[in-house]
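Q: Dock chain W against the given chain Z, drawing on the hints supplied.
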Amino acid sequence: MTGALIDLFGWSYALASFLLWIGAQLLGLGNWISLQLGAPSPGPLEGMIGFVTGAPLTSLVAIILAINILLLWATAFHLLIVMWIERKMYSRLQDRRGIMLGLGSSEILRNTLGRIPLIGRPFRKASHLGTGFLQTVADGVKLFQKEVITPASADKWMFHAAPVMIAASTLFLFIAIPWSDGFWIMGSRLPNGDVVNPWGVLVILGAFSVAPLSILIAGWASNNKYTLLGGMRAAAQLMSYEIPMVLSIIALVVFAGTLDPFQLVRQQSAPLTFGLGPFGTVQIPWLPNWYIFNPILWIAFVVFFITVIAEAERIPFDIPEAEAELVEGWTTEYSGMRFGIVFGFKWLRAIAGAALIAILFLGGWSGPVFAQVWIPNIASPGNLWPIPILPQEFWFTLKIYAIFVVFVWIGWSVPRVRIDQILNIGWKRLLPLSLLAILLATLARGMGWF
Amino acid sequence: MAEMWINMGPQHPMTHGLWNLRIKVDGETIVDAEPEIGYLHRGYEKIMEVREFQKNVVLTDRLCYVSSITWSHCYCLACEAAMDLDVPERGKYLRVVSNELQRIASHLMWLAAYGPDLGLLTALLWALRERELFLDLLQLITGARMNQNYPRIGGVRNDAPGDFEKYCAKVIGHFRKKLGEHEKVFEQSKLFQVRIDLRKLDPYDAYPEMDFQPAVEQEGDSYARYKVRVEEMKTSCDIILQALHKMPTGPYRVKPPRRIEGEGFRRTEDSRGEALFYVIGDGDDRPYRVKIRSPVFSNIAAAPLMMRGNKVADVVAIMGSIDVCVGEMDK
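Chains as they are written, first to last, in numbering that gives the first Met the number 0: chain Z, 0 to 449; chain W, 0 to 330.
This is chain Z alone, in the form it adopts within the complex (with noise of 0.2 Å):
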């Protein structure tokens, strides 16, 4: 067994199978009352019975609620969490304190209840100190209300459907990253266990791929001068990022053998072990093999760390959107929860990017080794059992905020840079960059150092 908490596939067939279960039950009552007024026996029901309980449509049923889980995994728990983060960290560096909006700010819930004398104790807090947790809920029933406008000029097909492209794709990069050894969706488990997704991070950039393409098409279909050049902006962006961004994983790939996340998870949780060509290898047991520790990807990881800020549309390569001179850029002509997706599904562009820096440089979800506790195995004596005291989620996650917090503070301490600067970064800088770090790890793997 190892660290994950969370089996997502057991949990949701266990889920699956109890509310067919309770279906099942429903359609034996509906049966009985059948054969109570006389019909034939088995009963008419009979048939339909096996078929809910049986195995074909309680998989596809676990499969449809473990994607949901993940997916209210991914927008309800992360995507707040992490504008949270946001606001409050860039209020910080801003020298103020953010949002405070909490439990305590609405006078119906102080009247209410917070006079109830023991658990109303945090609706009783005054409103100017809550954690400021609520108010992204409430921007967002605030967009909720507002009245989703289309312009006449626009081009109303292409309008509507670039939002859903985006949230589309979005959500699909939600599907293809797995979150720990048990909390996933792309993959198979093999019979000793472990978890293979063989071309894993190759889908996970190409779903990352769709979002600039969406980007155009809503700047174009607007129908406006400012969204056209933001549209305009985004393909070239596209053009300029993604390339250095899928090489530097080239050389990533090159030098670990492997596209799979789950296997390059698994390389990362082994000691540091460096190849010395003919002299062996040397181990340093107390730090993991992540890549990120390893010289010779050092350049990969630059450029691959860049090109995610510029993937996510962070505020030094925001060029697409720039508020000063675009207004809104490619959103201007997006109102109500049309704009709360365009803008809202920019951060979990953000969390999807640094889950896969996570999972390529930074050792994905292991932990450290003391996180575990062994206990003897009773199936097997002899055998230990790791038993986590913090999941694999956990660490996760952790992985995930921390390097968001990086990008919060870049992007909240340095201006936009121009277009041309942004195409010059891209194809002077990063190219040139992510094809010496192929070179590097290519040499490396061949003579066998490091």
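Among the clues, some could well be false.
[Unchecked claim] Okay, derived cross-link-like pairs now, SDA-like style, lysine to any residue, Cα gap no bigger than 20 Å in a straight line: (1) Z:Lys-87 with W:Met-145; (2) W:Lys-177 with Z:Tyr-89; (3) W:Lys-176 with Z:Leu-92; (4) W:Lys-310 with Z:Leu-227; (5) Z:Lys-224 with W:His-11; (6) W:Lys-310 with W:Met-3; (7) W:Lys-176 with Z:Asn-423; (8) W:Lys-310 with Z:Ala-234; (9) Z:Lys-87 with W:Leu-123; (10) Z:Lys-224 with W:Arg-21; (11) W:Lys-310 with Z:Gln-420; (12) Z:Lys-224 with W:Glu-2; (13) W:Lys-177 with Z:Val-413; (14) W:Lys-177 with Z:Gln-93; (15) Z:Lys-224 with W:Glu-33; (16) W:Lys-23 with Z:Ser-412; (17) W:Lys-177 with Z:Asp-94; (18) Z:Lys-224 with W:Arg-307; (19) W:Lys-23 with Z:Leu-227; (20) Z:Lys-224 with W:Gly-8; (21) Z:Lys-224 with W:Val-30; (22) W:Lys-23 with Z:Asn-222; (23) W:Lys-176 with Z:Asp-94; (24) W:Lys-23 with Z:Tyr-89; (25) W:Lys-23 with Z:Asp-419; (26) Z:Lys-224 with W:Ile-5; (27) W:Lys-310 with Z:Asp-94; (28) Z:Lys-224 with W:Thr-14; (29) Z:Lys-87 with W:Leu-120; (30) W:Lys-177 with Z:Arg-91; (31) W:Lys-177 with Z:Leu-92; (32) Z:Lys-224 with W:Lys-310; (33) Z:Lys-224 with W:Ala-1; (34) W:Lys-176 with Z:Ser-412.
Keep in mind the hints are simulated off the structure, nothing from the lab.
A: Just chain W now, kept in the frame of chain Z:
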């Protein structure tokens, strides 16, 4: 892509106030530009003709609410030139101090607005945080944070409080440290490499007693203008401390005559460039004619020259760097 006109204004994040810059773009490159101003025209020069000389100070305060004292100062100087009035020494020094405090506050407001223009919202909060200290100083000396109504024809309205020098020294010492942080934030990205022509700043003509070097840069791009403003803030700090140190005791105001026969002309270094007041009196207690020359007005006229050949994102950087104040531009 075919060429097209884009409106940058009147309601656009680039414009700090109500004006419109129409740019003609070919893709991302600007082919032509055309400023449209006059949205905030209030007929200042005409209103001033029907009010008494002393009462016009309230109006000139509102020419640019970010830089009230410098404008009123310029107006008072022009009136005094028309009256041949001598201001007491202490009044002159108090004017210098309040002027320089106002200049720093104005430049900090510019720095605060320039940050979001370049996509750096943190600079807004930081610069406003520092500006608060100088507004406090201005409040200490004039009693108000905005539209202070402080300079008078013949001196200033009131004397500085006794321990003013102490507070000034404290704030300026703190500010000099913080200004280094601001510079670090801005200068790490050399994105203002836009060569345009701009008149070099005139050295001061009203501050003969002070020992300072006027801030001048040889280049004429946005980065140079940024450096000039930061340099000016440092110079202003020096001048304030010098002036407070050298300030003599005595009266700070003389009573001016109510009526003017003749004309007065004075130009000063405003926060944004060369400000000019031309006052003609025909023996009445109201001016016969007032002419205001706004530095922003003439800088805006150079917008097409500055814009051509640059990128769309440069519009914000260039126009932000000349520190547009629509109040004084449209008069």
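Q: Does each hint hold? Answer for all of them.
A: Structure-based check of each hint:
{"no.": "1", "hint": "Z:Lys-87 with W:Met-145", "in the structure": "violated (31 Å)"}
{"no.": "2", "hint": "W:Lys-177 with Z:Tyr-89", "in the structure": "holds (19 Å)"}
{"no.": "3", "hint": "W:Lys-176 with Z:Leu-92", "in the structure": "holds (18 Å)"}
{"no.": "4", "hint": "W:Lys-310 with Z:Leu-227", "in the structure": "holds (15 Å)"}
{"no.": "5", "hint": "Z:Lys-224 with W:His-11", "in the structure": "holds (13 Å)"}
{"no.": "6", "hint": "W:Lys-310 with W:Met-3", "in the structure": "holds (14 Å)"}
{"no.": "7", "hint": "W:Lys-176 with Z:Asn-423", "in the structure": "violated (35 Å)"}
{"no.": "8", "hint": "W:Lys-310 with Z:Ala-234", "in the structure": "holds (17 Å)"}
{"no.": "9", "hint": "Z:Lys-87 with W:Leu-123", "in the structure": "holds (17 Å)"}
{"no.": "10", "hint": "Z:Lys-224 with W:Arg-21", "in the structure": "holds (13 Å)"}
{"no.": "11", "hint": "W:Lys-310 with Z:Gln-420", "in the structure": "holds (11 Å)"}
{"no.": "12", "hint": "Z:Lys-224 with W:Glu-2", "in the structure": "holds (11 Å)"}
{"no.": "13", "hint": "W:Lys-177 with Z:Val-413", "in the structure": "holds (17 Å)"}
{"no.": "14", "hint": "W:Lys-177 with Z:Gln-93", "in the structure": "holds (13 Å)"}
{"no.": "15", "hint": "Z:Lys-224 with W:Glu-33", "in the structure": "holds (17 Å)"}
{"no.": "16", "hint": "W:Lys-23 with Z:Ser-412", "in the structure": "violated (32 Å)"}
{"no.": "17", "hint": "W:Lys-177 with Z:Asp-94", "in the structure": "holds (13 Å)"}
{"no.": "18", "hint": "Z:Lys-224 with W:Arg-307", "in the structure": "holds (19 Å)"}
{"no.": "19", "hint": "W:Lys-23 with Z:Leu-227", "in the structure": "holds (14 Å)"}
{"no.": "20", "hint": "Z:Lys-224 with W:Gly-8", "in the structure": "holds (13 Å)"}
{"no.": "21", "hint": "Z:Lys-224 with W:Val-30", "in the structure": "holds (16 Å)"}
{"no.": "22", "hint": "W:Lys-23 with Z:Asn-222", "in the structure": "holds (17 Å)"}
{"no.": "23", "hint": "W:Lys-176 with Z:Asp-94", "in the structure": "holds (16 Å)"}
{"no.": "24", "hint": "W:Lys-23 with Z:Tyr-89", "in the structure": "violated (36 Å)"}
{"no.": "25", "hint": "W:Lys-23 with Z:Asp-419", "in the structure": "holds (18 Å)"}
{"no.": "26", "hint": "Z:Lys-224 with W:Ile-5", "in the structure": "holds (7 Å)"}
{"no.": "27", "hint": "W:Lys-310 with Z:Asp-94", "in the structure": "violated (33 Å)"}
{"no.": "28", "hint": "Z:Lys-224 with W:Thr-14", "in the structure": "holds (17 Å)"}
{"no.": "29", "hint": "Z:Lys-87 with W:Leu-120", "in the structure": "holds (14 Å)"}
{"no.": "30", "hint": "W:Lys-177 with Z:Arg-91", "in the structure": "holds (17 Å)"}
{"no.": "31", "hint": "W:Lys-177 with Z:Leu-92", "in the structure": "holds (14 Å)"}
{"no.": "32", "hint": "Z:Lys-224 with W:Lys-310", "in the structure": "holds (15 Å)"}
{"no.": "33", "hint": "Z:Lys-224 with W:Ala-1", "in the structure": "holds (12 Å)"}
{"no.": "34", "hint": "W:Lys-176 with Z:Ser-412", "in the structure": "holds (18 Å)"}
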